Every structure is written in structure tokens, then in C-alpha cells.
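Enquirer: Single-letter residue listing:
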Amino acid sequence: MAASFLFSQFISGLTTAMFLFLIASGLSLVFGVMRVLNFAHGSFYMIGAYLAWQAVHWLSPLVGAFWVAALAAALGVALLGGIVERLLLRHLYGRDELYQLLLTYALVLILADAAKFTWGTGQLSVSPPALLAGSVKLFGTTLPHYNLFIIVLGPLIAIGGWLALYRTGLGRMMRAAAYDREMLDALGADVGGLYTTMFVASAFLAGLAGALVSPLESVVPGMDVQIIVQAFIVVVIGGLGSFWGTFWGSLIYGEVLAFGILIVPGFSLFSVFALMAVILILRPWGLFGRPIR
Amino acid sequence: MIRRHVLALACAAGALLPFHASAAGPIKIGFPIPLSGPTAVYGVPILKGAEMAVQDINAAGGVLGRKLELLPRDSKGNPDEAVRVSRELIFKDNVDFLIGTLTSAEAPAVSTIAKENHIVFIAPSAETVRLTAPENLHPYIFRTATTTAIEGAAGAVIMAKWPDLKRIATIAPDYAYGRDAVAAFLAEMKKLRPDVQVVDQQWPKLGEPDFTPFITAQMSKRPDAVFCEIFAGDFITFAKQAGPLGYFKAIHNRLADGGQVGSIDTAIPLGADYPYGIWADAYDPVVWPTQKSAEYQAYERNLAHFMKSKYGSGWAIQGYASVQALVDAIQKAGTTNDEKVAKAMLGLTYQTPLGPHTFDPLTHESNTGDFWGEMVKDPAYPFAVIKDPTYYNPMPATN
Numbered sequence: 001m002a003a004s005f006l007f008s009q010f011i012s013g014l015t016t017a018m019f020l021f022l023i024a025s026g027l028s029l030v031f032g033v034m035r036v037l038n039f040a041h042g043s044f045y046m047i048g049a050y051l052a053w054q055a056v057h058w059l060s061p062l063v064g065a066f067w068v069a070a071l072a073a074a075l076g077v078a079l080l081g082g083i084v085e086r087l088l089l090r091h092l093y094g095r096d097e098l099y100q101l102l103l104t105y106a107l108v109l110i111l112a113d114a115a116k117f118t119w120g121t122g123q124l125s126v127s128p129p130a131l132l133a134g135s136v137k138l139f140g141t142t143l144p145h146y147n148l149f150i151i152v153l154g155p156l157i158a159i160g161g162w163l164a165l166y167r168t169g170l171g172r173m174m175r176a177a178a179y180d181r182e183m184l185d186a187l188g189a190d191v192g193g194l195y196t197t198m199f200v201a202s203a204f205l206a207g208l209a210g211a212l213v214s215p216l217e218s219v220v221p222g223m224d225v226q227i228i229v230q231a232f233i234v235v236v237i238g239g240l241g242s243f244w245g246t247f248w249g250s251l252i253y254g255e256v257l258a259f260g261i262l263i264v265p266g267f268s269l270f271s272v273f274a275l276m277a278v279i280l281i282l283r284p285w286g287l288f289g290r291p292i293r
Numbered sequence: 001m002i003r004r005h006v007l008a009l010a011c012a013a014g015a016l017l018p019f020h021a022s023a024a025g026p027i028k029i030g031f032p033i034p035l036s037g038p039t040a041v042y043g044v045p046i047l048k049g050a051e052m053a054v055q056d057i058n059a060a061g062g063v064l065g066r067k068l069e070l071l072p073r074d075s076k077g078n079p080d081e082a083v084r085v086s087r088e089l090i091f092k093d094n095v096d097f098l099i100g101t102l103t104s105a106e107a108p109a110v111s112t113i114a115k116e117n118h119i120v121f122i123a124p125s126a127e128t129v130r131l132t133a134p135e136n137l138h139p140y141i142f143r144t145a146t147t148t149a150i151e152g153a154a155g156a157v158i159m160a161k162w163p164d165l166k167r168i169a170t171i172a173p174d175y176a177y178g179r180d181a182v183a184a185f186l187a188e189m190k191k192l193r194p195d196v197q198v199v200d201q202q203w204p205k206l207g208e209p210d211f212t213p214f215i216t217a218q219m220s221k222r223p224d225a226v227f228c229e230i231f232a233g234d235f236i237t238f239a240k241q242a243g244p245l246g247y248f249k250a251i252h253n254r255l256a257d258g259g260q261v262g263s264i265d266t267a268i269p270l271g272a273d274y275p276y277g278i279w280a281d282a283y284d285p286v287v288w289p290t291q292k293s294a295e296y297q298a299y300e301r302n303l304a305h306f307m308k309s310k311y312g313s314g315w316a317i318q319g320y321a322s323v324q325a326l327v328d329a330i331q332k333a334g335t336t337n338d339e340k341v342a343k344a345m346l347g348l349t350y351q352t353p354l355g356p357h358t359f360d361p362l363t364h365e366s367n368t369g370d371f372w373g374e375m376v377k378d379p380a381y382p383f384a385v386i387k388d389p390t391y392y393n394p395m396p397a398t399n
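From first to last, the protein sequence lines stand for chains D and S.
With the first letter of the first sequence counted as 1, position 29 gets the number 29 in the numbering used here; the numbers rise by one all the way through.
With the first letter of the second sequence counted as 1, position 155 gets the number 155 in the numbering used here; the numbers rise by one all the way through.
Please keep in mind that the hints were generated in silico from the structure rather than gathered at the bench.
Careful, some of the hints might be misleading.
To be verified - Here are the simulated DMTMM-like pairs of lysine to aspartate or glutamate, each with C-alpha atoms no more than 25 Å apart in a straight line:
(1) S:K221 - D:E255
(2) D:K137 - S:E81
(3) D:K116 - S:D74
(4) D:K116 - S:D210
(5) S:K292 - S:D210
(6) D:K116 - S:E51
(7) D:K137 - S:D210
(8) D:K116 - S:D378
(9) S:K191 - S:E374
(10) D:K116 - S:E374
(11) S:K249 - S:D378
As the list claims (entries may be wrong) - If you want the footprint, here are the derived chain S segments under chain D, 3+ residues with CB under 8 Å:
(12) 216-228
(13) 231-239
(14) 287-293
(15) 343-352
(16) 361-370
Keep in mind it's a predicted model, so treat the numbers as computed, not measured.
The beta carbon of each residue, even a glycine, is placed where N, CA and C say it ideally should be.
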């Protein structure tokens, strides 16, 4: 087995991992801070992909259409997230978690049908942006520029997110809300506003991920359900609520999938689930997780 | 008093009328088919072909004096959903017959329902040999599609002729269709070229959104050529991902795909991203180097008009032919009674725009083959077309 192809498998695993991180990080943070398991997170990702396709469709001959479309899609989904949080979710915070689960699940169904109604049931595809349409030969393997871009973007978002959470006042408030919401409320902080901000930020990330994945994968109904399962595996492995846990969880998932195919073809998906089972047996809260209060 | 007698006579006369006249109304054909998801790229045109056949037949007066009514339902390419909608069609909508399902996962599931309820079920697309294997065969299942045995063998016959072939690989969706087709391919390949070595087999799942790790894993084994069964929307995704990774270049486009990706239904969405140079097949190439029969040309013109598209479809013919086969059987049986229609289908020769096919009385198969050829650019069309489409059926009798 040539080292060059081990390298290419590693890179392909990294691409999968960084995409997952983009999506799963939002899911993990929302749960960590707000204790909401947002099933509709995958739907935000899907809407982001559809909005990006639509925007590219409208802007197409313009230079840089893809980038504008991706940003517009992310902002669109962020707006959607804000509306969902303000109008629907915030009425359920004090209540049993089951209500939140049911609400977000209902959103999954509604958003899936809304997407089908607007864009049909066919498979849509977006071309990679002209800036990143080429590829480079590295260590004997062909690497598309676009995949490299995603691989670099992942850690940038991770660092950016970490800085936002640990080096800004707003971040400190978020972490405080995760630790003890009542106390923070009693101290006079606008916890409601914090929650909205958190939800909007996670929706923005999900929408951005959806927009950025559209040149690589097809935009189809069902992509919401498919991604949410993967995102859940990642946050479970990494630990719910842990930012770096999600990062490492994504990396492990991506690489196990990539090398599982190489080592045990036909059982690659099984290897990821087996890994998750092993980690949960050894560390029930995930690699970096804490027991949920 | 006379009025009472007249009334009684009228009732008696009414009771003596033949049964089917009182069951007037349209002949209902349930049509479960994927209208969403990656397999809808094939499912939607199959339905269109069936709808056009129904329209044509109704315009010509219907069957046995009754109109046909098609009841399409979205099976989502999922066997559970296909079974659910089929049951609904049978029990709630009281359909007389079933035509449909696309994948080799859906068809055997719906075949069981057809068997339980004694409803004739025609499969226009599902290919797994398990559908009509002796342990699964029953009087009501018939197939107008090709089979994995024929398709796999055709792939082997084509690839065996390629020069400098020492290492081959396969990549196919991990379910009945992919597994059976690859098994048939390898069995025939072993017979034709025992010197060739299988160096890699990849099994992505049906509906896989990210083929990248499978693509790079296969490239690492350095095959000379690949037999592929990825089809429909999955092939669109696969081609778009494999191209930039240098997959097709590494094997010099020596890939044969049996999943009907030579159909214009796949070629049009891929456009310029189509991996030219690969070999692919289709039931109906649509674009031919020579003139076809007047009936076929009329069919293609009507289809393009019916589908409101410039080029029509390479898959509609399967929906069209399946409705035609059912109608021919109903006419031969002289009734819509499923038992009698099923009997009438044994050995029945039905007409399709591309010529007649016959249901084998023992296996219920049509033993249809596909038209294969190299996919090339044609200046007259904005999509890849099959060069010199040639009919391949290396295994006329299956099972």
C-alpha cells in the first residue's frame, strides 16, 4: 500500500471530518448552553444547501456568485433560526425536554416538506466556484482545491469559535448560562437574548455548512435526516456540550470511516458505530463530555 | 299486478347481466415508484412513460370498453414505503393491478404483497434475480426489466474484449442489485478471462452522499478497469466527486456501468461533467446513428411533447412497455380478473416501441437486454450520448 494513497485516504477523511465539525459544533453548543437537542439542525443544513443553490441559480453569470450565495444562504438560515427560537422554542425552555424534542422533530417534518414544495423532489447540483475548481498534486495524489479549502476552514472555525467562547465577554456569558442559568438570570443578564444569539449562531453555521457542501454532494430531500444522524454520532463520541470534543469526534469519525473502507471494505459504516459503542462503554459521557445535570 | 310482474322481470334480467358490466368504471393500475430521492431520476420518467401509454390507450377507446386509470404513489425508493403505499393502493383504492417499484429492494417486498392479495404485479425496473427465483416466484409477478444475470454478463462480455486487462475492480451499491450484478459479472468474467485478477471491491450504500473514501480506496489498488453498478442520482454524485479526484483518468476511462447511466436522464443532469469514454447502457438510447422505425420515431416525438422536454427520456419506455404488456394480457384474457390475466401473461408477446418482447412462461421474465456503448460527445447534443448503441443479451434464458 503506497504511502501516497494512505495520505489521500487521510485527506478524504479530513474533508468529511471538517464538514461534520461545521455542522456538529452548532448542535453541540446549543445543547451545551441551552440543553436543547435540536433535531431540526439537519434541516437548517439542508435549507442552507437549497438556498445556496437558489442563489447561485439567480446570480450565476456573476463572478464570485458562489461565495455571495454561500453567505446569503448562511444568513438566511440564521434568520430562520432566530424566528424559530423567538416564536417557538423559547416558550418551551422551562418545560420537560420531551416538548422541545417534539417541537424540533415537528420542525424537521415541516421544513422537509417546505423544501420539497419549493424546490421539488429532484437532485440539484452546484458547481464548485471557479476560484477553487482545480486540483493540486501532493505526495502523488490528486487533491481538489475545494476539499483543501474545507480542510483549512474547519480548524479556522474551531479556533474562531474557541476565541469567541473563551476570549470575549459574550462568550463568557454563554459559558455562564451553560453552567448556571438561574444564577445568571438573577444577576440581571439577558439570558433570553443570549439564547437567541446562540441559536442564531448555530443556525448560521449549519446553513453555511449546507451551502459549502453543495458543490461536493447533491442537494436532495433526505439530506437533513442523513446528516443529523452523523452529527449525533460525532457529538456523542466527543461529548455533548464540549466544543473541542466535537472537533476530535469529527476527526475520529472521518478517519475511521475513511480507513475502515480501506481495511475492511463492506464494513466501513459498522466500524464507526462499533467505535461509538466502544467509546461509550469506556467513557459514557464521550471523550470530553461531562455528566449532564 | 302487471307492473309487479314487469318489475320482477326487470330485476331478474338485471341479475342475469354478466358480472363485469356491473363493475364498470375505470381499470385501476396502482403505480408505486420513487418520485423523490436519488432514484427518482429514473422513477419520474418511468411514470411519465406509463402515463403516456395510458393516455394513448384511453384515446383509442380503452381496454374491454373501459378506461385505464393510473394511481401513482411515491415509494421514495424505500421498500417499507413501497409496501405501505402498495397496501393502501390495494385496500383503500381497490386497484386491479400493480405496476412499479424501481429498486431491487422494493420489488421483492411488493411482490410478497401482490402474492398475498392475488394482484398481478409488473416490475419495469428492478433487476435482482431473486425477484423471480424459484423460492420467490408466484403466479402474479412479471418483469419487463432486464436482470442482474443479463446485465452482469453483458458487462463481462464487453470488458473481456478490452486489451491489457490484468487487474479489475468493482464498485456497486451494497444491496441485492449491486451484489447480484457483480456476482454475475465476476462469474462470466472468470469464464471469459480466467487470467484477470480482482484487486478491489467497494460497496457504498444506496443513496451514499459521499463516495470520496470509496473512490480513493479503489484508486489505491490500481485497477486497470472497473465494473460499476452505481446508478441514477448516485451516479451523478459519484461522477462529480470521482472526476476531480482523478479516478477516471487513473483508469483511462475503462469503466463499464450497467446501471443505465447511458440514459439521457442521467446524461442531461451531468452535462459537461459526464465522464466521457466510459461504457454505459440504456433501455432506450434515444439518440441513434441510423433511422429507426416509424413507430419508434412517433413514440419519441410524442414522448418529448408529453414530457414537455426537448429530448424525451431513455427510461420512459419501461413504463410505457409495462402498461402495454398489461393491456395486451387483459385483452388476451378478455377480463380484468387477476388470475386469468396472470395466466394470459405466460408466454405473452407484447409490443414495445423498440420491438416485441415475450414473457417466459416458466420464469415470468422478459429477458430484456440493454443497449451498450461508449459514451461520447456529440456536437448535436448538449449531453453525452451512446456511440453505436448495441443490444447485449448474453444470457437469453435466466434462472
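Enquirer: Look at each hint and say if it fits the structure.
Expert: Against the structure, the hints:
no.	hint	verdict
1	S:K221 - D:E255	19 Å, holds
2	D:K137 - S:E81	45 Å, violated
3	D:K116 - S:D74	13 Å, holds
4	D:K116 - S:D210	22 Å, holds
5	S:K292 - S:D210	40 Å, violated
6	D:K116 - S:E51	22 Å, holds
7	D:K137 - S:D210	21 Å, holds
8	D:K116 - S:D378	34 Å, violated
9	S:K191 - S:E374	24 Å, holds
10	D:K116 - S:E374	35 Å, violated
11	S:K249 - S:D378	21 Å, holds
12	216-228	holds (count 4)
13	231-239	holds (count 3)
14	287-293	violated (count 0)
15	343-352	violated (count 0)
16	361-370	violated (count 0)
Going down the numbered hints, you'll see the structure goes against 2, 5, 8, 10, 14, 15 and 16, while the others check out.
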